[in-house]
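J.: Here are the chains, one letter per residue:
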Amino acid sequence: MSSEHDVSRRQFLNYTLTGVGGFMAAGMTLPMIRFAIDPLLKQGKGEENFYDIGLKESDLTEQPQKIQFVQKDIKDGWYTFDQKKEVYVFKHEGEIFALSPVCTHLGCLVHWSPEPPYANEFQCPCHGSRFTKTGINIAGLPATAPLHRYDVKVKDGKILIGNLHPRNNIPAVPPKY
Amino acid sequence: MKMKWTVRDVGAYFAERDYVDTAVVPLVKITWHNEIKATVEQGEFTTLMADRLEGQLKGRLMLFPPFTYLKSEDVANRLKRLQSWMEMLRRDGMKHVFLITSDAEWKTVESDLDESLIWIPSLPLEHMDPEHGDEMIANQTKQLLQIVTAKWQNA
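So the sequence lines, in the order shown, correspond to chains A and B. Quick note on numbering that gives the first Met the number 0: the first sequence kicks off at 0 and runs consecutively. Quick note on numbering that gives the first Met the number 0: the second sequence kicks off at 0 and runs consecutively.
Keep in mind that the hints were calculated from the coordinates and are not lab data. One or more hints might be untrue.
Among chain A residues calculated to face chain B with C-beta under 8 Å, some are [what the hints assert, rightly or not]:
1. Cys102
2. His104
3. Leu105
4. Gly106
5. Cys107
6. Leu108
7. Pro124
8. Cys125
9. His126
Derived Cβ-Cβ restraints for the label pairs, each shown as a range [claimed, not checked]:
10. His91/A <-> Tyr18/B: 26 to 34 Å
11. Pro113/A <-> Pro129/B: 28 to 36 Å
12. Asp75/A <-> Thr148/B: 23 to 31 Å
13. Asp81/A <-> Ser83/B: 35 to 43 Å
14. Asp81/A <-> Ile29/B: 23 to 31 Å
15. Ile35/B <-> Asn48/A: 36 to 44 Å
All of these numbers come straight from a predicted model, not from anything done at the bench. Don't be surprised by glycine CBs; every beta carbon is placed ideally from N, CA and C.
Here chain B stands alone, though its shape is the one from the complex (with noise of 0.2 Å):
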């Protein structure tokens, strides 16, 4: 089974949605004008992870399509635009929600998201060979999973 933003997987989540109780959302930033690459390199990394960490939890979590914004939209506007995300998704049944990001920015507001931000600095990725990229990404998933499942434990 799996548990992302796909038709097939939403069934699978009403046929058992009593254990799933998590809502992992990347948040991904949109630039076409200035640090094109850096900004896609950290998108690319953020999705990456998420994807990954469904992998491995992918029966109490559910990956949700990348909370997008503009590298020109300023940040209470945002953060106001993605409070509304998670009220939703707690009013609606998850009780954890993860928010993974590889963009900075988000850590000047992390108080306000109420410890669901995890922030991963973006990797290099397209300078490594792939072997030594895999073994990179295999670790930080590791991390993450520890942070996500210590957080289940906890609650």
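Pulled out of the complex, with its shape left as it was, chain A reads as follows (with noise of 0.2 Å):
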């Protein structure tokens, strides 16, 4: 009767529950490891996010523009959301500029005077903080740096708007006005 093929009452659940303990843990650990990997993965996808903002290069003037576009996922604490931006686009001696409007000071939105009395700057509703064309923060005045400047490159003739820079080695401008 007792052959070698023979499985005994013990051996048959030592390897049942070492079967099911084993799918147990590769369950657990799996997922696991595939959390610890995943910011590795994602990073490739981070680096190229451009906006298509709706503006074609032959659009572009030397007077800055004020474009609206929408930015995805945007974290703001516990919330996510899309966000609206805007961003004024323009040409200066054969340079693309984006600038951020936000204010470098606390956060207002610049509006672009092309009309006395701050002709061509960008000027803060808030604190009187004003910036030359390039963005070029203005001495003596509430804000310290420099607009952000956005990642800037052209595909099919069509403006596209990547990550955003802060420019903090450029020195402030005396004033003009």
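Work from the hints to combine the two standalone chains into their complex.
T.: What follows is the structure, given as structure tokens:
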């Protein structure tokens, strides 16, 4: 009766429990590993965050134009939402500029004005900070840093807006007015 | 930075309090009986406009939670409560207080509110296509902005 292929009750239970236990352990550890390496997998995607703001390169002027675009998945504290953003886009000495209108002082939105009293400057309605056309802060006013600048690239004649960068190493400009 | 009624923003206020001298308070009427829809529409529009204003001028003004009142509360009583809000805000450093509302009833007591009241008729946004609605809101925000900055300049 007893041959070497016979499986005892004890052995059968041992095999089954080890097998089931193994599956359970794998079920728990695999997602954990996945969570651990997930940020690494995501980084590649994050670098290419360019938005089409609906402006063609041929529409660009020397005068800054205010363009609205929607940025997706903004996180603010606990909330995630799509946010409407504004950007000033123009050409200056052959270079394309895309400046954020958020005043570097306390965050009001600056306005461009081609008219006096502060012609061809960005002005902040809140505390009177002013910036040159390329967004450099004017000395002696509350804002102490230039307006932040977006990466820009042109694809098929369309203007794409990328990440926003502060520019802290540019000195303030003396006031013209 | 933002200036809303949140712990983080109030922290920012304490860091920059010399620059923040303006309070914005939406006035929102509440009812759960008659004309619910019209009342909600007014309140929604009011808070939306206040929010947009804060978005444009967030470094100088603080957006407070709405002052709410029941439709059944008599106007004299509302006024008294609101005046105690304004007294508190002025006493504690707010040079300007802007009360934003779409409820026309406040117009009847406007003279008791020290030129702080900004009344904006609400738009029936639910009947507009989103793009048209956006444009209308942007226009209204611009007007609101002009009223506020003009008051700042005259102060």
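J.: Compare the structure with each hint and give your call.
T.: Cross-check of the supplied hints:
1. Cys102: The hint holds - cysteine 102/A has a Cβ within 8 Å of chain B, the shortest such distance being about 6 Å.
2. His104: holds, 6 Å
3. Leu105: holds, 3 Å
4. Gly106: At 4 Å from the nearest chain B Cβ, glycine 106/A passes the 8 Å test, so the hint holds.
5. Cys107: Since chain B brings a Cβ to about 4 Å from cysteine 107/A, closer than 8 Å, the hint holds.
6. Leu108: holds, 5 Å
7. Pro124: Because about 5 Å separates proline 124/A from the closest Cβ in chain B, which is inside the 8 Å limit, the hint holds.
8. Cys125: Status holds, d = 4 Å.
9. His126: Nearest chain B Cβ about 6 Å off; hint holds.
10. His91/A <-> Tyr18/B: 26 to 34 Å: Holds - the Cβ-Cβ distance for histidine 91/A and tyrosine 18/B, about 30 Å, lies within 26 to 34 Å.
11. Pro113/A <-> Pro129/B: 28 to 36 Å: holds, 31 Å
12. Asp75/A <-> Thr148/B: 23 to 31 Å: This hint holds: roughly 26 Å between Cβ atoms.
13. Asp81/A <-> Ser83/B: 35 to 43 Å: holds, 39 Å
14. Asp81/A <-> Ile29/B: 23 to 31 Å: holds, 29 Å
15. Ile35/B <-> Asn48/A: 36 to 44 Å: For isoleucine 35/B and asparagine 48/A the Cβ distance comes to about 43 Å; the hint holds.
The structure meets every hint from the earlier list without exception.
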